[in-house]
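K.L.:
Following the hints, complete the assembly by docking chain B onto the known chain A.
Below are the chains, spelled out letter by letter.
Number of protein chains: 2
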Amino acid sequence: MSLDTENTQPKAVVLLSGGLDSATVAAIAKSDGYQVHAVSFDYGQRHKVELKAAYRVALQLGIQHHKMISINLNDVGGSALTDSALAVPDYDAQSAEHIPITYVPARNLTFLSLALGWAEILGARRIYIGVNAVDYSGYPDCRPEFIKQFEVTANLATAAGLTGEPFKIIAPLQTLTKAEIIQWGTRFGVDYAQTISCYNPDEQGRACGRCDACHYRKQGFMDAGIPDVTIYAPE
Amino acid sequence: MSLDTENTQPKAVVLLSGGLDSATVAAIAKSDGYQVHAVSFDYGQRHKVELKAAYRVALQLGIQHHKMISINLNDVGGSALTDSALAVPDYDAQSAEHIPITYVPARNLTFLSLALGWAEILGARRIYIGVNAVDYSGYPDCRPEFIKQFEVTANLATAAGLTGEPFKIIAPLQTLTKAEIIQWGTRFGVDYAQTISCYNPDEQGRACGRCDACHYRKQGFMDAGIPDVTIYAPE
Chain A
23 MSLDTENTQP KAVVLLSGGL DSATVAAIAK SDGYQVHAVS FDYGQRHKVE LKAAYRVALQ
83 LGIQHHKMIS INLNDVGGSA LTDSALAVPD YDAQSAEHIP ITYVPARNLT FLSLALGWAE
143 ILGARRIYIG VNAVDYSGYP DCRPEFIKQF EVTANLATAA GLTGEPFKII APLQTLTKAE
203 IIQWGTRFGV DYAQTISCYN PDEQGRACGR CDACHYRKQG FMDAGIPDVT IYAPE
Chain B
23 MSLDTENTQP KAVVLLSGGL DSATVAAIAK SDGYQVHAVS FDYGQRHKVE LKAAYRVALQ
83 LGIQHHKMIS INLNDVGGSA LTDSALAVPD YDAQSAEHIP ITYVPARNLT FLSLALGWAE
143 ILGARRIYIG VNAVDYSGYP DCRPEFIKQF EVTANLATAA GLTGEPFKII APLQTLTKAE
203 IIQWGTRFGV DYAQTISCYN PDEQGRACGR CDACHYRKQG FMDAGIPDVT IYAPE
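Just so you know, the protein sequences line up as chains A and B, in that order. If you want the numbering used here, it's the position in the first sequence, counting the first as 1, plus 22. If you want the numbering used here, it's the position in the second sequence, counting the first as 1, plus 22.
Keep in mind the hints are simulated off the structure, nothing from the lab. A couple of the hints might just be wrong.
A pair holds if it fits inside one copy or across any two, identical chains being indistinguishable in the list.
As the list claims (entries may be wrong) - Straight-line Cα separation of at most 27 Å, DSSO-like style, residue types lysine-lysine; simulated pairs:
| no. | residue 1 | residue 2 |
| --- | --- | --- |
| 1 | K170 | K52 |
| 2 | K190 | K170 |
| 3 | K89 | K70 |
| 4 | K33 | K240 |
| 5 | K170 | K240 |
Isolated chain A (complex conformation) (with noise of 0.2 Å):
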């Protein structure tokens, strides 16, 4: 607590899911001189191996205050990845247009909220999200359109928004590709061995190769022409 007071950079809030990219969005923030605030959340999630992840890419990244936010989206339902009698899919590059079953309906602006009301307590002005408009899964909450709007509404929800310095919402990985965003987060120090981007891990945290986040994961080492360093189930 006493590193809290003694440092004087501003604030930040980051959203730190415990994939690659909300890790390399996290050195991102460190490198623009923010003290870095990360939250995580438990939010009923299939594979709570992610939750480990944040933790050990916190501690790899030298974040010294990791906040845990529960919320139960199983009560809302309807997705495959907070509902265990819904399977996730492989990935199909037919479906791929469409918006998937692993959608989760309003999980962004849900956590973007969290984390608002959060920062806002902290006095931290700026929140980082590791959203992605390039290699995504069509989720509508990824796009820019819905970050920029996200910050008009941000600003008129809080207090700080309407009397301070008012709220920026920093979506740095915004337009670059996966492999992009290895290479960055590569030369930010990132150990993507930390990370864990997969929607079907088994038990020990090892991703399954087949689903659309694995699919993305795998091209963008290829395409970045750097070595995967993911562990893989045997198939």
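P.N.:
Chain B in isolation, oriented as in the chain A frame:
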């Protein structure tokens, strides 16, 4: 469940806190011809009696679908409504222009986001919320500008908002005084004895009579010329 399939009315999600305003809104949504799906939030509030009140209100109004979503806003902290280390102040006319300590950062934004996710799953396109910009406690997320911007954001955040009939956020109390709200609700058959507004009720759910919320409620019944059915704790 069979009722759901037989009911051909369009669906609406109503944020139901157990307070006077949201009970009125639920009655209005019913009278507007919607099949009402009520949602309440167990968010670590001190005044848990509020949740019991929400059940009673749903029952009294004949709402058959009522969902409780758990989210721990204590994890976020910073408000007298969720943090037991902070005292709920008495109403003070001098300080009524400032944002009070009972403000929960980004609460309405978070609740609306969760309600939106549920609405998307249900196939509802209307979300009713009992915010009020007249006799309110100065919360930024009760203002019409906020509600309007949230609607724009909601339609960008969701799959349904992109492809189908857009979401509409309906805040029918926005320009009404507390007295007018009580007059409307009484006409629509709300039994206000079932509701609770107090920020600091005792264990039996009796109102303190001294906080902001009690102040506005008392005054509302008085101005409406309707007997105050609220049960107050003895001084």
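K.L.:
Please go over all the hints and tell whether each is borne out by the structure.
P.N.:
A quick look at each hint next to the structure:
1. K170 to K52: Close inside one copy (22 Å), not across copies (35 Å); limit 27 Å.
2. K190 to K170: Both, since 9 Å and 20 Å are each at most 27 Å.
3. K89 to K70: both (16 Å within a copy, 25 Å between copies)
4. K33 to K240: neither (33 Å within a copy, 42 Å between copies)
5. K170 to K240: neither (30 Å within a copy, 42 Å between copies)
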